[in-house]
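Here the protein sequences come in this chain order: A and B.
Counted from 1, the first sequence has number 72 at position 73 by numbering that gives the first Met the number 0; the numbering is strictly sequential.
Counted from 1, the second sequence has number 43 at position 44 by numbering that gives the first Met the number 0; the numbering is strictly sequential.
Hint data in this document are derived by calculation from the structure and do not stem from the laboratory.
Since the model is a prediction, treat every value here as computed from it, not as a measurement.
Positions of the beta carbon are idealized from the N, C-alpha and C atoms, including for glycine.
Mixed in with the good hints, there may be bad ones.
As the list claims (entries may be wrong) - With a straight-line Cα cutoff of 27 Å, these simulated DSS-like cross-link-like pairs (lysine-lysine) come out:
(1) K46(A) x K22(B)
(2) K166(B) x K177(B)
(3) K67(B) x K22(B)
(4) K177(B) x K37(A)
Claimed, not checked - Distance windows between CB atoms, simulated:
(5) A49(A) x P45(B): 45 to 51 Å
(6) E34(A) x A158(B): 19 to 25 Å
(7) C22(A) x T170(B): 17 to 23 Å
(8) E34(A) x R91(B): 34 to 40 Å
(9) R90(B) x D30(A): 35 to 41 Å
Listed here are the chains, written in short residue letters.
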Amino acid sequence: MRTKLSVIEPQTALNRILDALECELIDASDDEILEAAKDLGMNPLMKGSAAFLGLHTFSFAEFFESEALREVLARTMQIAAATQREPNGDARQPKPKRTIERKGAADK
Amino acid sequence: MPQIPQLVDHRVLNTAETALALKLISRMDFLRLKTIARWHARGLPPDVTWDDLLQEAFTRVIVGSRRKPEDVSMVAFLAGIMRSLRAEHWRRVRGGPGSRETLRIDHQDLSRAAALSDPAADLEHALIARQELAAIEQLFAGDPLALRILAGLAEGHSAVQIRAALKISKTEYDSARKRMRRALLREGLTCAQN
Numbered sequence: 000m001r002t003k004l005s006v007i008e009p010q011t012a013l014n015r016i017l018d019a020l021e022c023e024l025i026d027a028s029d030d031e032i033l034e035a036a037k038d039l040g041m042n043p044l045m046k047g048s049a050a051f052l053g054l055h056t057f058s059f060a061e062f063f064e065s066e067a068l069r070e071v072l073a074r075t076m077q078i079a080a081a082t083q084r085e086p087n088g089d090a091r092q093p094k095p096k097r098t099i100e101r102k103g104a105a106d107k
Numbered sequence: 000m001p002q003i004p005q006l007v008d009h010r011v012l013n014t015a016e017t018a019l020a021l022k023l024i025s026r027m028d029f030l031r032l033k034t035i036a037r038w039h040a041r042g043l044p045p046d047v048t049w050d051d052l053l054q055e056a057f058t059r060v061i062v063g064s065r066r067k068p069e070d071v072s073m074v075a076f077l078a079g080i081m082r083s084l085r086a087e088h089w090r091r092v093r094g095g096p097g098s099r100e101t102l103r104i105d106h107q108d109l110s111r112a113a114a115l116s117d118p119a120a121d122l123e124h125a126l127i128a129r130q131e132l133a134a135i136e137q138l139f140a141g142d143p144l145a146l147r148i149l150a151g152l153a154e155g156h157s158a159v160q161i162r163a164a165l166k167i168s169k170t171e172y173d174s175a176r177k178r179m180r181r182a183l184l185r186e187g188l189t190c191a192q193n
C-alpha cells in the first residue's frame, strides 16, 4: 500500500477521504465534541460560545421557533392535504400572478 | 358502497415529521453539522463556503425536495445532502448536462453537435484537491499511523484491508481512528470561514 496521497488522482483521493471520514464526525459523541472544544479553549455549553461562531444556521435554529417556519409548514401541509382531497388534480389553482400582470400591461 | 376516508395522509405526516426532526436538532448536533459542513467544503472553490453547504442542505429538507428516511438520523441525512451537493457542484463545473458548450459541426458526415468541456475546470479541481490533500496530511502530521490509514482510504481500501496491509490489530486501528476523529473535530470547531 502506498504511503503518499499524491500518487493517486487528487480528486479521487480527496473524495474517498472526505467520504470515509465523514462518518467519524457523524458518530462523534457529545463528550468527544466537548473534549475537542476544550482543547481549543471553548465551552459549547456556555451561551455565546466561540464554537458556534460562523454558524449562521444556528440562528436559523431560532427560525424553527418562528412564525415564518410555521407559515411555510402550514402552507406545505395545506397543499399536501388539498392534493390528497383532489386526486384527479381538480383542485382550484390560484391564478398565476404573471397572467394578471400581462392583462394589465395590455390595457395600457 | 361508500369509501372509508384515508385517515393518515403520509405526505402531511412526512412534512410534520421533518419539521419535528429539524426542531429536535440539539446544540451539539449543530456543532456536529458545522464540522461536517467544514469537512465537505474542502475541495470546493473559495466562493462556496461551508455555511453555504449547510444552509442549502437545510433548505432542501425544509422545502421538501429531500425526504428523510425514518431510520436515518437528521444529522446523517443532512451530511448526505452536503456530500451530494459537493459532488453536484463539481459535476456542474466540470461539464455535466446543461453546463457544456456545444459546437455544431456543419459537415455531412459529422452533422452532430460536439460537446466541449472546459479543461481548465478539471485542472482547477485537481489543483484544489491537491492543496486540500496537503492540508489534510498536515492535520495528521504528528501521527504516522493516521497518515498510513489516510493513504489506504485514499486508495479506496476498507478498514479490514487497511488493517491487513499495515499489519495492525483492530484495537490499534480503532484508537488511530479515534485520534483522527479528535483532530477532525478540533479542526471543524475552529472559527475560520473556510
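Structure-based check of each hint:
Under the criterion of a C-alpha separation no larger than 27 Å, the hint pairing K46(A) with K22(B) is consistent with the structure, at around 19 Å. For a cut-off of 27 Å, the pair hint linking K166(B) to K177(B) stands: about 18 Å separates their Cα positions. Restraint check for K67(B) and K22(B): the C-alpha separation of about 14 Å stays at or below 27 Å, so the hint holds. Between the alpha carbons of K177(B) and K37(A) the distance comes to roughly 16 Å, so the proposed pair stays at or under 27 Å and holds.
A hinted range of 45 to 51 Å for the beta carbons of A49(A) and P45(B) is inconsistent with their spacing of about 23 Å. For the hinted restraint 19 to 25 Å between E34(A) and A158(B), the CB-CB distance of approximately 23 Å keeps it satisfied. The hinted range of 17 to 23 Å is satisfied by C22(A) and T170(B), whose Cβ atoms lie roughly 19 Å apart. The beta-carbon spacing between E34(A) and R91(B), approximately 38 Å, falls within the hinted interval of 34 to 40 Å.
Taking the beta carbon of each, R90(B) and D30(A) are about 38 Å apart, inside 35 to 41 Å as hinted.
In this structure, the one hint that does not hold is number 5.
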